[in-house]
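A.B. asks: Let the sequences and hints guide you as you build the complete structure.
Protein chains: 2
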Amino acid sequence: MGADRGSVDVCVSEVGTRDGLQNIDTVMPTDAKKRWIAAEAAAGVPEMEVGSFVPARLLPQLADTAELVEFATGLSGLSVAVLAPNLHGVRAALASGAHRVSVPLSVSETHSLANVKKTHAQMFEEIAAMVEAIAEGPPAARPALEVSLSTAFGCTLEGPVPEDRVVAMAERAIELGADEVGLSDTTGYGNPAQVRRLTRRVHAAVGADRLTGIHLHNTRGQGLANVMAALDEGLTTIDSSLGGLGGCPFAPGASGNVVTEDLVFLLESMGLRTGVDIEALLAARDGVQAALPDETLYGFVADAGLPKGFAYAGATVD
Amino acid sequence: MGADRGSVDVCVSEVGTRDGLQNIDTVMPTDAKKRWIAAEAAAGVPEMEVGSFVPARLLPQLADTAELVEFATGLSGLSVAVLAPNLHGVRAALASGAHRVSVPLSVSETHSLANVKKTHAQMFEEIAAMVEAIAEGPPAARPALEVSLSTAFGCTLEGPVPEDRVVAMAERAIELGADEVGLSDTTGYGNPAQVRRLTRRVHAAVGADRLTGIHLHNTRGQGLANVMAALDEGLTTIDSSLGGLGGCPFAPGASGNVVTEDLVFLLESMGLRTGVDIEALLAARDGVQAALPDETLYGFVADAGLPKGFAYAGATVD
Numbered sequence: 001m002g003a004d005r006g007s008v009d010v011c012v013s014e015v016g017t018r019d020g021l022q023n024i025d026t027v028m029p030t031d032a033k034k035r036w037i038a039a040e041a042a043a044g045v046p047e048m049e050v051g052s053f054v055p056a057r058l059l060p061q062l063a064d065t066a067e068l069v070e071f072a073t074g075l076s077g078l079s080v081a082v083l084a085p086n087l088h089g090v091r092a093a094l095a096s097g098a099h100r101v102s103v104p105l106s107v108s109e110t111h112s113l114a115n116v117k118k119t120h121a122q123m124f125e126e127i128a129a130m131v132e133a134i135a136e137g138p139p140a141a142r143p144a145l146e147v148s149l150s151t152a153f154g155c156t157l158e159g160p161v162p163e164d165r166v167v168a169m170a171e172r173a174i175e176l177g178a179d180e181v182g183l184s185d186t187t188g189y190g191n192p193a194q195v196r197r198l199t200r201r202v203h204a205a206v207g208a209d210r211l212t213g214i215h216l217h218n219t220r221g222q223g224l225a226n227v228m229a230a231l232d233e234g235l236t237t238i239d240s241s242l243g244g245l246g247g248c249p250f251a252p253g254a255s256g257n258v259v260t261e262d263l264v265f266l267l268e269s270m271g272l273r274t275g276v277d278i279e280a281l282l283a284a285r286d287g288v289q290a291a292l293p294d295e296t297l298y299g300f301v302a303d304a305g306l307p308k309g310f311a312y313a314g315a316t317v318d
Numbered sequence: 319m320g321a322d323r324g325s326v327d328v329c330v331s332e333v334g335t336r337d338g339l340q341n342i343d344t345v346m347p348t349d350a351k352k353r354w355i356a357a358e359a360a361a362g363v364p365e366m367e368v369g370s371f372v373p374a375r376l377l378p379q380l381a382d383t384a385e386l387v388e389f390a391t392g393l394s395g396l397s398v399a400v401l402a403p404n405l406h407g408v409r410a411a412l413a414s415g416a417h418r419v420s421v422p423l424s425v426s427e428t429h430s431l432a433n434v435k436k437t438h439a440q441m442f443e444e445i446a447a448m449v450e451a452i453a454e455g456p457p458a459a460r461p462a463l464e465v466s467l468s469t470a471f472g473c474t475l476e477g478p479v480p481e482d483r484v485v486a487m488a489e490r491a492i493e494l495g496a497d498e499v500g501l502s503d504t505t506g507y508g509n510p511a512q513v514r515r516l517t518r519r520v521h522a523a524v525g526a527d528r529l530t531g532i533h534l535h536n537t538r539g540q541g542l543a544n545v546m547a548a549l550d551e552g553l554t555t556i557d558s559s560l561g562g563l564g565g566c567p568f569a570p571g572a573s574g575n576v577v578t579e580d581l582v583f584l585l586e587s588m589g590l591r592t593g594v595d596i597e598a599l600l601a602a603r604d605g606v607q608a609a610l611p612d613e614t615l616y617g618f619v620a621d622a623g624l625p626k627g628f629a630y631a632g633a634t635v636d
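Sequence lines, in order, name chains X and A.
Each residue of the first sequence is one higher than the one before, starting from 1 at the first, in the numbering used here.
Each residue of the second sequence is one higher than the one before, starting from 319 at the first, in the numbering used here.
Because the hints were derived from the structure by calculation, they are not lab data.
Please note that the accuracy of each hint is not assured.
Claimed, not checked - Mimicking DSSO-like on lysine-lysine, the simulated pairs with C-alpha atoms at most 27 angstroms apart in a straight line are:
1. A/K435 <-> X/K308
2. X/K118 <-> A/K626
3. A/K436 <-> X/K308
4. A/K626 <-> X/K117
Unchecked claim - Residues on chain A that point at chain X, a partial pick, calculated with CB under 10 angstroms:
5. F471
6. T474
7. E476
8. P478
9. G541
10. N544
11. D580
12. L581
13. M588
14. G589
15. G617
16. L624
17. G627
C-beta atoms are modelled at their ideal positions from N, C-alpha and C, and glycine is treated no differently.
C.D. replies: In C-alpha cells form, the structure reads like this:
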C-alpha cells in the first residue's frame with residue numbers, strides 16, 4: 001500500500017525529528033535528517049514536525065531547521081510543522097514556508113519560566129504578536145498556528161495542574177487568534193480519565209474544531225491507553241516519535257514519546273486508516289538507528305513484527 | 319494505604335509466578351517464590367496464579383506448585399489460582415486447596431495440539447470430566463473453574479482466528495459446567511476493537527457474569543490500550559505480570575504480559591481502586607529482580623516513579 005493522505009481516519013504526526021533530537025546529545029547530520037524525513041514521508045506519514053526555531057546556542061541539535069523545512073515542503077503531500085517558542089521563532093517559521101507552527105504554552109507557570117523564561121502574561125502577549133505577524137503575510141502562505149498546552153496533565157515542578165486553568169488558557173489562546181490549541185502531556189503524567197475530561201472541557205469551551213490533536217509521552221507506559229481515550233473523544237491527530245525517541249529528562253531510563261510504529265499498528269489493527277505502511281516505517285527506523293548508533297530506540301512492533309495474517313484498515317478496498 | 323480487597327473496582331490478577339516463570343529457563347527457588355507471593359499479597363494484590371499442575375518433566379520451573387498453593391492459601395484475603403491443562407492437573411488442584419483453576423482451551427486447534435496435545439473434541443471431554451471431578455468434592459471447598467480461551471485474538475501458527483469460533487467455544491464450555499470463561503491474547507495479536515467486539519459477543523452468548531476476566535500480552539505494546547477496551551466493556555479482572563515477565567516464545571525480544579506496576583498505575587490514576595500500594599509493589603519487583611538477576615524486567619513506572627503529587631483512587635476517603 002502507499003500513502004493515501006486524503007483518506008486517513010487519524011493523522012499520525014511524527015515529532016521525533018524535533019522532540020526526539022532535542023532530547024539527545026548527538027547532533028544528527030542534516031543529510032541523515034533529510035533521509036529520515038524522506039523515508040517517513042515515503043512510508044505515508046502525513047505530517048512531521050521537522051524542527052524548532054530556537055537559538056542554535058540553546059539547541060545546536062536543531063540549528064538546521066530552516067533547511068529541513070525547505071527540504072520537507074518539497075516532498076509531495078507532507079504537512080510540515082515546526083515549533084517556535086517566541087515571536088522571533090514564528091518570524092523564522094514564516095520565512096521558512098512551514099505549514100504549521102506550534103507554540104508551547106506551559107500551563108504550569110513554573111515550567112513556563114524554566115522552559116521559555118516567560119510568565120503566562122508574557123506568553124499571551126507573545127501569542128498576540130505572533131498572530132499579528134502571521135496575519136501580515138500573504139493569506140495563501142499563512143501557516144496554521146497551534147498553541148500547545150504543555151504540562152496540561154501535570155508538572156514535574158508543580159505537581160498537579162488545575163483543569164480550570166487548562167481550559168481558561170485554551171480559551172485565551174483562541175481569543176487571541178490562535179487557530180488551534182493542543183493538549184500536551186509533556187511529563188508523562190496523564191491518564192485516560194484525565195484525557196477524556198480535559199478534551200471534553202476544552203471542546204466545550206472553544207469548539208471541537210479548535211482542539212483536534214494531542215501530544216502524549218510514554219514515560220509511565222500509558223501512551224497508547226491515553227491514545228484510546230483521545231480517540232474516544234474524537235481527537236484525530238496524534239503526535240508520536242519513531243522509536244519513541246525524545247521524552248522527559250526528568251525521568252531517567254523511561255522512554256519518551258508514544259512510539260510511532262506501535263501507534264500505527266494500534267490504529268490500523270483497529271480499522272482506523274493512517275496511510276502508513278508499517279514495514280516501510282520499520283525500514284525508516286532502521287535508518288535512524290544506523291544514524292544514531294548510540295541511542296536506544298523503544299517500541300514493541302519493531303521487535304515482534306506484524307502478526308501472521310495482519311490486514312491493514314480498509315485492506316479489502318485497496 | 320493497605321489492601322482493602324472488599325472494595326476494589328478492578329481485580330489485578332498476578333500471573334508472573336506462573337506465566338512468567340514458565341517462560342524463563344531459570345528455576346526460581348521455592349523460598350524466593352514464597353517471598354514474591356507474600357510481598358505482592360502484602361502490597362494488596364488480591365489474586366495470584368501461583369503455578370501450574372503440569373508434569374515436572376515438562377515444566378520443572380513449576381514443580382513446587384502444590385507447596386506454593388498451601389503457602390498462599392495461608393495468606394489472609396488472597397485468592398489463589400492455578401493453571402491445570404487436564405483432568406490430572408485439576409485433581410491435583412483440588413487436593414491442593416486452590417481457590418480457582420484455570421484451564422487453557424486454545425481456539426486455534428493447531429495451537430491446542432501443540433500446547434496440550436489434544437483436539438477441541440478431546441478438550442471438551444476433558445472439561446466435562448473436570449466439572450464432574452470438582453462436583454464430587456465438598457461444596458465448601460469447590461474451586462471456581464475458568465476455561466481460558468487461549469489464542470482468542472489470533473494464533474502464531476494459524477493466523478487470524480474466527481470470532482464465531484471463540485463465541486461457540488465459550489458457549490460450549492459454559493454448557494459443560496465451567497463457572498466462567500476468560501479471553502486470552504496468548505500471542506499479543508489483539509487490538510482494542512477486537513477486545514470490544516469479542517467481549518460483547520461472548521457476553522451476549524453466555525451472560526456478562528460468565529466472562530469477567532481477560533489475559534493480555536504486551537508483545538506489540540498494545541497491552542494497556544487493550545485494557546482500556548476491556549474496562550469499557552465491563553471486565554473487572556485483568557491478568558498481569560510483575561515486571562512483564564513471561565510472554566510468547568514466538569516473539570523474541572518482545573516482552574510478555576501486561577506489566578502489573580504499569581497496570582495498577584493506570585487504574586489508580588483513572589480513579590479505579592485496586593487495593594494495591596504501588597511503592598510496595600515496586601519493592602516486590604526489586605525482590606524478584608534480585609532473585610532473578612539474569613532476567614530483564616519490563617515496565618515504565620519502575621523507572622519513572624510516581625508523578626509528583628500522585629493520589630490513589632479514593633484517596634480522599636481513606
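A.B. asks: Decide, hint by hint, whether the structure agrees.
C.D. replies: Going through the hints against the structure:
1. A/K435 <-> X/K308: Status holds; Cα separation ~22 angstroms.
2. X/K118 <-> A/K626: Answer holds: X/K118 to A/K626 is near 23 angstroms, not above 27 angstroms.
3. A/K436 <-> X/K308: Holds: A/K436 and X/K308 sit about 23 angstroms apart, inside 27 angstroms.
4. A/K626 <-> X/K117: holds (22 angstroms)
5. F471: Because about 9 angstroms separates A/F471 from the closest Cβ in chain X, which is inside the 10 angstroms limit, the hint holds.
6. T474: OK, holds: A/T474 within 10 angstroms of chain X, min 6 angstroms.
7. E476: With a closest approach of 8 angstroms, the A/E476 hint holds.
8. P478: holds (5 angstroms)
9. G541: With a closest approach of 8 angstroms, the A/G541 hint holds.
10. N544: holds (9 angstroms)
11. D580: holds (4 angstroms)
12. L581: holds (9 angstroms)
13. M588: With Cβ-Cβ at 4 angstroms, under 10 angstroms, it holds.
14. G589: Holds: closest Cβ of chain X sits about 6 angstroms from A/G589, inside 10 angstroms.
15. G617: holds (6 angstroms)
16. L624: holds (8 angstroms)
17. G627: holds (3 angstroms)
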